[in-house]
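A.B. asks: Each chain, letter by letter, is given below.
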Amino acid sequence: MRTTNRHVRRRGKGVGVLRFVLRRLFWAVPITILVTFLVYVALRLGTDPLASYLRINQRASDKKIQQYIETNGLYEGFGGYIRGYFQWLGGFLTGEWPRSIKGSREVWPEFKDAMFNTLRLGLTASFIGITIGLGLGIFVALKPGSLRDSTVNTGAFVAVSTPPYVSALLLQLVFAVYWSRWFGNTLFPTSGVYPPGNQGFDLPLMLKHMVLPVTVVVIQVVAVYARYMRASLLEVLNSEYMRTARAKGISERRVLVRHALRNALIPIVTVAAIDIGAILGGLIITENIFSYPGLGMFFLDAYGNGDFPQMMPWMAFFTVTVILFNLLADVSYAWLDPRIRLD
Amino acid sequence: MTDRHAPSTAPGGAVVETTDAAQGLIKSMSPARLAMKRYLHHKGAVVSLVILLVMALFVLLAPLTARYGVNESVFQTSAERPNFNLPPQSFAWFGTDDIGRDLYSRLIYGLRVSLMIGLAAAIMGTLVGVTIGAIAGMRGGLIDDILMRVTDVFLAFPFLVTLLVARSFLSSIPWLEPVIGGITSVRFVIALFVIFGWMPVARLMRGQVLALKEREFVEASRALGASNTRIVIQHLVPNSIGPIMVALTFSVSGAIVAESTLGFFGYGPQPGAGQTSLGNLVGQAKGALLPGYWWLVVFPCVTLVLVALCVNFIGDGLRDATDPKLDMGAK
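Protein sequence lines, in the order shown, are assigned to chains A and B. Residues in the first sequence are numbered from 1 upward in steps of one, following the numbering used here. Residues in the second sequence are numbered from 1 upward in steps of one, following the numbering used here.
Hints are computed from structural coordinates only; laboratory data are not their basis. Values in this document were obtained by computation on a predicted structure and should not be read as measured data. Glycine included, C-beta positions come from ideal geometry on N, C-alpha and C. One or more of the hints may lead you astray.
[Unchecked claim] Incomplete in silico selection of chain A near chain B, CB under 7 Å:
id : residue
1  : ALA42
2  : ALA247
3  : ILE250
4  : GLY281
5  : TYR303
6  : ASN305
7  : SER332
8  : LEU336
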């Protein structure tokens, strides 16, 4: 009796989730188009692709200029913007991306390299940061109001209020500039993936270059996750079903792992998916300070040059990522938490 | 939580003693007093408030507290006695910058501009956000759906990128220039932050409206013939004033940090057209790093973090204060 009941409920849940996902996917397409269109209009009006082309290629012939306008679909007027947007969208989807303004380079190979650099930095930092953050959160939530609780809490508050460039500047000042004055050699390099002129792959050297940027991102991530985990776990620990579990005579360890931690992690999964934008945002700033050739440098360089053909794919890529992760957050939340009703 | 005030020391007025059997143990307090009590219980928030008030005093009395003018050099430079990049010493407590100006005085003036940007952007952004959120919550339907989905995306986007794109976009609209000023002015930066600052507030207000609009007191006032506008202003806003104030506080620190971020990357208000802000001073730190002028790095950075931290702590204290679930000291 009990199993059949459960079976029925499970299946009902599955169908609900599927319908929910389909509804959200249905929304995701128009939202992607709407946001990329808004971005397209904002970038075309704001950075004026034609003017930046003329500024960077001052001796371009009329024929070249005409060709540039046509490949990028830079038509005038309201209808021209819509036509240009759909021309851009078609090219973007079929992989025929217009070449960059500066030096007329292919956009995709550089974008791809930058993406892998950012992924390497971002995944390392997120992994370390989330692990330490969750660990600290659990460690603190088990003894609320204690000295270690207030220490970690205050520390997390300070870290959250510290913008990444401030921690980056201070770290560079201590570990690169002043370290070399006190001890004669720099402990960690402050820029790039490799020193200039380095050829080929060299893991220890690469890791050494990643230490400071990773630390900067980790500080932010740890602070955020320690706070989330503490709040979430405390709420679970104070709930009625914890008392029930203890009353049943389950061992304390099992109560913590099976009942408390599992339930406390549910909201964190959602937060982790939504936070992708914040982590990437922190990476953009960090990359710039450490001259790390990732997506952040890619965008800031493109923005500095007003390079429309480089910025548009970047923005489109981010829009899709953000929308997908938002969707993932909603779905995982609905899937993990049986109390959520989807319709 | 135990009540820390003994009945005899509690000031009268707001405290009404009941004629209960347990006289003196049970007393009722006004909500404002309860909130105040909960706020005072948050030690970090109290300390932050004091620090911030002292800072505000320094900033308001800037001509008296600053030792030099904002663009004044500490003394005339000469070949044998240069005035630039001097470490901290008696005539310049925080050292001097690359053209011989006193960093301490510049920090006071910079903080003044930054605090003004933060307050102005947060207050205006909150007003816009409350309005839009109330409309979305009361109306519902397609407008609500689109508004919430689009703000979802913008909120999840890396903040700096959104700001940069919006910045270029705003500066390209010629008829806006008389209203919000040129791209390097302080007014422009405030307008930019208002355009993005309303989103979290709007989502919050929408949630509040959705939660409150089916309640009996709203229904009663609707039955008496109140319009939507009246319901929002008379009932919904006062009932959500706590979360709105918390959001307002956090957007103050958000705007101050965002201005510094823009300044750090050289896209903030420029000292020529606008005024020196914390962003300018933090941006200068980049150039001072490799030569090892630590005072130009440490003091602006510490000031920025201290201000952001204090404002955030106050927001945290306000959240405790306005959250009726944390009803300490009520019984």
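A.B. asks: Broken hints, numbered, in rising order?
C.D. replies: Those not satisfied are hints 2, 3, 6, 7, 8.
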